[in-house]
Amino acid sequence: MRSTFVLVRRHLQHHWLRSGLTMAALALAMFLLCFVISIVTTLEAAITSAATTRLVVQSAVSLFVNLPISYVTKIVQVSGVDEVTVFQWFGGYFREDEQPFAQFGVDHGHFFSMYAKDLRIIAGPGGLTGPGASEAAIAAMAADRRAAVIGTRLAQEYGWNIGDTVPLTAKIFTKTDRSAWDFNVVGIYEPLKSNVDDRTMWFRFDYLQETMIAEGAPADFGAGAYMVNILPEADPSTVAAAIDRLFENGPQRTKTTTEAAFQAIFVAMLGNVPAFMASLGGAIVFAVMFSVVNTMLMAARQRRGETGILKALGFTDAAVMRLLLVESFVLCLTGGGAGIALAKGIEGPMRDAMGAALPGFAVAWSTLGIAAGVTLLLGLIAGIGPAIGLGRLHPALALRSEG
Amino acid sequence: MLPLRYTFRNVLVRRASAVLTMLGIACTVAVFAGVIALRDGLLSVYHPRGDEDIAIYLRPGASSEGESWITRDIVDVVMKERPEIARAPDGRLLAAAESFLAVYMEQVAGGGLTNVPLRGIQPMSLELLGDSVRLVDGRWFAFGSDEVVIGVPLSGRMKNARIGDTLVLNLTPFRVVGIYEQDGVLGSEVWGDVDRMIDALDRPGYQRIVARLRPGTDLAAVQASLAADRRATVEVQSEREYMQGQTNVLGGVLQFLASFLTVIMGTSAVLGAVNTMLASVAARTHEIGVLLALGYSRLAIFFTFLFESALIGLLGGLAGVLLTLPFDGLGTGMTNFNTFTDVSFAFTVGPRLLLESFGLAFVLGLVGGVLPAWRAARLQPVQALRAH
Amino acid sequence: MSALIDLVGVTKRYSRGAETLTVLDALQFHVEAKDFVALMGPSGSGKSTILNIVGGLDRPDAGRVEVAGSDLQALSSSELARWRSRHVGFVFQSFNLVPVLTALENVMLPLLLTPLDAKKRREQAAFALDVVGLADRMHHRPRQLSGGQEQRVAIARAIATDPDIVLADEPTGDLDRESATAIMDLLGRLNTELGKTFVVVTHDPMVGERAKRTLRLDKGVLREAGRGSTASVRGPG
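Protein chains in written order, with this note's numbering: chain A, 115 to 517; chain B, 230 to 617; chain C, 1057 to 1293.
Hints in this document: simulated from the structure, not taken from any laboratory.
Mixed in with the good hints there might be a few duds.
[What the hints assert, rightly or not] Calculated Cβ distances over 10 Å to all of chain A for the following chain B residues:
| hint | residue |
| --- | --- |
| 1 | 259 |
| 2 | 410 |
| 3 | 415 |
| 4 | 488 |
| 5 | 606 |
| 6 | 611 |
[Said to hold, decoys possible] Using 25 Å as the maximum straight-line C-alpha spacing, the simulated SDA-like pairs for lysine to any residue come out as follows:
| hint | chain 1 | residue 1 | chain 2 | residue 2 |
| --- | --- | --- | --- | --- |
| 7 | A | 285 | B | 305 |
| 8 | C | 1175 | B | 303 |
| 9 | A | 188 | A | 387 |
| 10 | A | 458 | B | 489 |
| 11 | C | 1090 | C | 1117 |
| 12 | A | 285 | B | 290 |
| 13 | A | 285 | B | 295 |
| 14 | A | 458 | B | 425 |
| 15 | A | 369 | B | 443 |
| 16 | A | 289 | B | 491 |
| 17 | A | 231 | A | 250 |
| 18 | B | 388 | A | 355 |
| 19 | C | 1175 | B | 302 |
| 20 | A | 289 | A | 387 |
| 21 | A | 289 | B | 464 |
| 22 | A | 369 | B | 353 |
| 23 | A | 458 | B | 491 |
| 24 | A | 369 | B | 295 |
| 25 | A | 285 | B | 474 |
| 26 | A | 289 | B | 302 |
| 27 | A | 369 | B | 425 |
| 28 | A | 285 | B | 415 |
| 29 | A | 285 | B | 303 |
| 30 | A | 289 | B | 388 |
| 31 | B | 388 | A | 367 |
| 32 | B | 309 | B | 339 |
| 33 | A | 188 | B | 429 |
| 34 | C | 1176 | B | 491 |
| 35 | A | 369 | B | 230 |
| 36 | B | 388 | A | 213 |
| 37 | B | 388 | A | 363 |
| 38 | C | 1175 | B | 235 |
| 39 | B | 388 | A | 386 |
| 40 | C | 1090 | C | 1259 |
Here a beta-carbon is modelled for each residue, glycine too, at the ideal position from N, C-alpha and C.
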């Protein structure tokens, strides 16, 4: 057994360039495979980790239609509803050419308690950190119409601190005088779940509402979505149906779904991502398979003479086959293993690079497992043909060709 | 230098390895061509209707219709007072105000809900589209009624999108009375009377004005004049410019994806090519010694092996192209992140892409051949002749 | 009078690890035009090295090398290659031919380095094959030829460009007695009929008998062997 590994190692080392190139090709391919699979798993995780006790109320027609603000008080009264907050996408930007970040107008009185499991305020006014920070920040938000809470990475990227004023230019909610919207930072939050973004700004919806009404918007100016936390004993689909029934005669008909279903819509908009990624993954694996099979064919070709000698010495056909198969596996596992390790190792920087486009990018252990399985399969496919060939080789024939 | 048939036959002789290398390159080329074919298909759908003089008016600062909001008052001001808008011989204004909203529709082939463009139009909208739009089935909707027509690609891919079906916009049912076709991105939308739609959705505002400008209008001058105009608070751009802007996000993503995948898969394929060629050189070491003894220069040896590798690359490119060609014309849909709506388009494998694919394959083969060719050229004849 | 091949004071050393072996020791080697010289000696003694130096495939560590009127030491690598294609033909012990080319194409290989056009190249190659008696096999691949036939094709190739000198390294080493005899007859004929100068490295005494002159390489130095002569040779300088 040990001698097998020694022989295998010698072979791989003797042809270090060939072995190295093949391992590099495998490493690249497996890295890419893990990356591609991880995109799918990250998207799915966003859906599955969505809160089951949260519903999203939006217009039945479109994401871009606002619901009247009066709906809030009516929704709160539906049986099973715990808390409700407005949730309005603002769509502004700080500097046009930089990577944009999300801003949402929310009901500051309810939002932070509703999302207590998703994010936590870690820094507040007066330099407060720790448990007291949250209370202080929320209190500050209640006192200042223009208050906002920003994510840790925003604070890091732009160097914003408690007390700073952040001016944003609006693309959707433009004011007639085209002036910027000013927000005062009163708190910094950190995400508590991997799929929650750390680059978001939460501000007071009533600031947006008052300003827009002053600009001529109707008095019932509301938001595109209302987030609803339901009581633990309530059944989501029942409550959702009840809410929709409430508004089935308008003025805006609603569609209420679980947060998971809402996320799923966004994922579905990307198209048939799983199918696309699967075909990509297939192409990647195929491409590298040809490379590895080639290498093992060359290895077998060069070993005809040695095989003849081994057989003349008394090694069985099976032993000779095993030798080549082990070499194939060692080659694949080393190269593939390096690629898989790289994929996991680079997870953090990848997540940062993906940013808000794909928050919470993660390489799951199951993904690594799949890639490892593929690597083993490659080892088998590449090795089995040449191994059988050498197994069947007649020693006299092999020795003669050595000349 | 060395005859071509020397190269061809050597590739043939070691064909198992050559084929495996070719297939590795073919996969890389196929993936590259496939993703770029998607991108080209997307870009080609966003072409203007062929008329240089069509302009789009949006709210200042809006980068797409979805972000735009123009009140009725402003529409009136623009239509009545802007001098650059052309008129028909009978005096009618060649301009139309339209609404735009991304609405939910459910896909037939699974995958759930997606956003589809709902456009409210005026009679002049159809006139401005001219020959580029045709009725394919049923009839046009009657202005003033709660009827819609749906574009061919949507009619096939969405539920509730056939003639006779009903689309409920908020509280108002709209009946599908016809299927239309348009050679461009406006072809996969749902159209109806703008005023009826605004009413049904309770959204009292338009998203854009589309107009034909007088021939010879200086667009820059118009833009400057609008910036100064305090009543007509809109911005204008040519339809061509607008179209080009609508694909930059998704187009960019596809371009990035193609580059990323090509670099990684290409490197993997090149490594395979290097291995194959190294083995070829090793097996022909004595032969190289003989060639050097005959008087062939090292440069000749170098180029012959480089050419052999490039040939393998080109053949791989051919295989890759053949793998991708069947996809040409295959219809698909994606969400355009600029407009946030589903856009239907087809894989487009054009001559430029074919050329690029072959070029890529050639380069992959060439790069893979450099090290082995260099090794071959550096052989010392005396040592090489001792081989075997 | 200067000879066609003139090696004066040629020294060649090889180092193997810590040891240095002096293979050629201030050697003199002179060959007149139209001569047929056999270089004999124990294997590994450096006979092939002399051949390689004469053919410009290798350079000595010291000494003067003048062949066919050129000072080989003064030529660069690429100049040597060009010179070689014009003045020298090589025949090796084995694996002379490119397996993927036919006999005719193999013989045409050196002709590709000349300014001749395709038609002339073909004619000349076909002629060379005819001289060695293999005109009927010109479209066969090496694997379709016997050992002796392969060597004859190699010889045809060696004379195809009409060089002054043919250098053969153990040309009969892999052949059976009958084929070896035929090859040696051929070489002899080419020497007497076409006037080509031959230097043949061999350890086959039969080859030595065919040569006009036989030299033995021993301890880095050449001695005239001839038929029974053991006198040492310091040729005209």
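State the violated hints by number, sorted upward, taking the hints as numbered earlier in the document. 1, 8, 9, 11, 14, 15, 16, 19, 20, 22, 30, 32, 34, 35 and 36
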